[in-house]
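Quick note, the sequences are listed as chains A and B, same order.
Be aware that the first sequence starts at 1, since it is given in my numbering, and climbs by one per residue.
Be aware that the second sequence starts at 1, since it is given in my numbering, and climbs by one per residue.
Be aware that a few hints might be false.
No copy labels: a pair is met if it fits in one copy or bridges any two.
In the SDA-like style, the derived pairs of lysine to any residue whose C-alpha atoms are separated by at most 25 Å in a straight line are [as the list claims (entries may be wrong)]:
1) 100 / 200
2) 100 / 265
3) 4 / 224
4) 100 / 29
Everything labelled a hint here was simulated from the structure, so no lab data went into it.
Listed below, chain by chain, are the residues.
Protein chains: 2
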Amino acid sequence: MTVKQLALPELVDACRELGVPGVGLWREPVQAYGVEAAAKLVRDAGLAVTTLCRGGFLTAIDAGERAAALADNRRAVDEAATLGTDTLVLVSGGLPAGSKDLRGARERIADALAELGPYAEEHGVKLAIEPLHPMFASDRCVVSTLAQALDIAERFPAHQVGVTVDTYHIWWDDTAPVQIARAGAQGRIHTFQLADWITPLPEGVLNGRGQIGDGAVDMREWKRYVEAAGYTGAIEVELFNDAVWARDGREVLAETAARFVEHAG
Amino acid sequence: MTVKQLALPELVDACRELGVPGVGLWREPVQAYGVEAAAKLVRDAGLAVTTLCRGGFLTAIDAGERAAALADNRRAVDEAATLGTDTLVLVSGGLPAGSKDLRGARERIADALAELGPYAEEHGVKLAIEPLHPMFASDRCVVSTLAQALDIAERFPAHQVGVTVDTYHIWWDDTAPVQIARAGAQGRIHTFQLADWITPLPEGVLNGRGQIGDGAVDMREWKRYVEAAGYTGAIEVELFNDAVWARDGREVLAETAARFVEHAG
Numbered sequence: 001m002t003v004k005q006l007a008l009p010e011l012v013d014a015c016r017e018l019g020v021p022g023v024g025l026w027r028e029p030v031q032a033y034g035v036e037a038a039a040k041l042v043r044d045a046g047l048a049v050t051t052l053c054r055g056g057f058l059t060a061i062d063a064g065e066r067a068a069a070l071a072d073n074r075r076a077v078d079e080a081a082t083l084g085t086d087t088l089v090l091v092s093g094g095l096p097a098g099s100k101d102l103r104g105a106r107e108r109i110a111d112a113l114a115e116l117g118p119y120a121e122e123h124g125v126k127l128a129i130e131p132l133h134p135m136f137a138s139d140r141c142v143v144s145t146l147a148q149a150l151d152i153a154e155r156f157p158a159h160q161v162g163v164t165v166d167t168y169h170i171w172w173d174d175t176a177p178v179q180i181a182r183a184g185a186q187g188r189i190h191t192f193q194l195a196d197w198i199t200p201l202p203e204g205v206l207n208g209r210g211q212i213g214d215g216a217v218d219m220r221e222w223k224r225y226v227e228a229a230g231y232t233g234a235i236e237v238e239l240f241n242d243a244v245w246a247r248d249g250r251e252v253l254a255e256t257a258a259r260f261v262e263h264a265g
Numbered sequence: 001m002t003v004k005q006l007a008l009p010e011l012v013d014a015c016r017e018l019g020v021p022g023v024g025l026w027r028e029p030v031q032a033y034g035v036e037a038a039a040k041l042v043r044d045a046g047l048a049v050t051t052l053c054r055g056g057f058l059t060a061i062d063a064g065e066r067a068a069a070l071a072d073n074r075r076a077v078d079e080a081a082t083l084g085t086d087t088l089v090l091v092s093g094g095l096p097a098g099s100k101d102l103r104g105a106r107e108r109i110a111d112a113l114a115e116l117g118p119y120a121e122e123h124g125v126k127l128a129i130e131p132l133h134p135m136f137a138s139d140r141c142v143v144s145t146l147a148q149a150l151d152i153a154e155r156f157p158a159h160q161v162g163v164t165v166d167t168y169h170i171w172w173d174d175t176a177p178v179q180i181a182r183a184g185a186q187g188r189i190h191t192f193q194l195a196d197w198i199t200p201l202p203e204g205v206l207n208g209r210g211q212i213g214d215g216a217v218d219m220r221e222w223k224r225y226v227e228a229a230g231y232t233g234a235i236e237v238e239l240f241n242d243a244v245w246a247r248d249g250r251e252v253l254a255e256t257a258a259r260f261v262e263h264a265g
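Looking at chain A on its own, in the form it has when it is part of the complex (with noise of 0.2 Å):
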């Protein structure tokens, strides 16, 4: 998502080039490509998948929106599985359209799981609840803390269900590294990923993030708290960005590989 202005193919030949050995892909592109055409780019190249992103979005009360959000997270599913990446990175939804129920919808996720964890176990592939930041409590994702996001994975096998740990939603939370050692201690930290805090934020806060290196968010502090909860993982870098997806893609990527060298390397 980064580098959303590339083309697959074109991503693939740059991260060859740059050395760059794996990349999280996103449905949307992926699907357009056609997913076992995808698969064999990406495997031809020798590029790892590191996850996908995403599912979710498994909030809804209605039964008909609940069953198509169910089947459409089973796809994400055999889709991470043709892609041959064991990890499916999960942003959970907001409230459904006039409840004010956070701890509802919280349990509507929790309910979700338990029919998804064995569908993925059964593919190969982890869930990782990702905690967004709490400005998208109401929008987006209603799990907005590390420690929300272990409540619910807790309930099932770590190879089932575990955590994404992105240092742009949960920067500000001084409880969070005790949160990533309880996730670590557990098996649950599924995927690592980067990206920098920068205001003043974008009317609808999405396209906000900062390229790392450029904010308020110490990168190697992070990475430290993750490394010392026994994550030897790959570590993503995912920026939303308007600004970065109007420059040339190539650019953006090798500029994103050498902050990472020198803010995470």
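Take the given structure of chain A and dock chain B to it, following the hints.
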């Protein structure tokens, strides 16, 4: 601030007409009107000044900036005392330019309160640390949760330093009810403010608070929490919203009073 389009005499008239018994004031319009004159205006109308907003911005590293902030906060205490309110709300301040050290910034707030707390006490004023929503953590307030605010406040006597409970900033936090109980048990709930959470957030995210009843927050639930914690003080409605400010101020005040009765009465 909810009706900042009203000059102070209009505000006082409108409150009297509507039977609103108290008003939280902001420093800028009070200073513009004259502090003594504002105090007389409100006192003559029989209107209570519930709080003065705001002191704070105590995170500077630079010695000169820090001394200026302390001096300004002492002036804010003086103004509160002149206005006859016992509560000064503190917005603690963001990260200094280039800093990524949230912990250090929070410690500098505590250091400043060690100087300001006794000064406030001498003037009959309590300081109320306001945790602001985590989306303000870098540029406005490094204190993002009630737990963080209480961790600082607890170092001082409750009649010197307590907290502000504002639904807009904490509604997403499932640990906030326990923290409200903690604050109440210590006599540290110094004020309680209402605003609703609506999306999409505007650019800069400051002026997007919703009229109560328009958003995701269950006002009665939060009112129950603070009342169960022993709070018997005023309840303020504090909206920052460009659309609200563009409307007729008396109409907004009447609407706000009606919404208060409907959603929090």
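Open item on the list: Could you work out which of the previously given hints the structure breaks and list their numbers from low to high?
Closed with: Hints 3 and 4 are the ones this structure does not satisfy, whereas the remaining hints hold.
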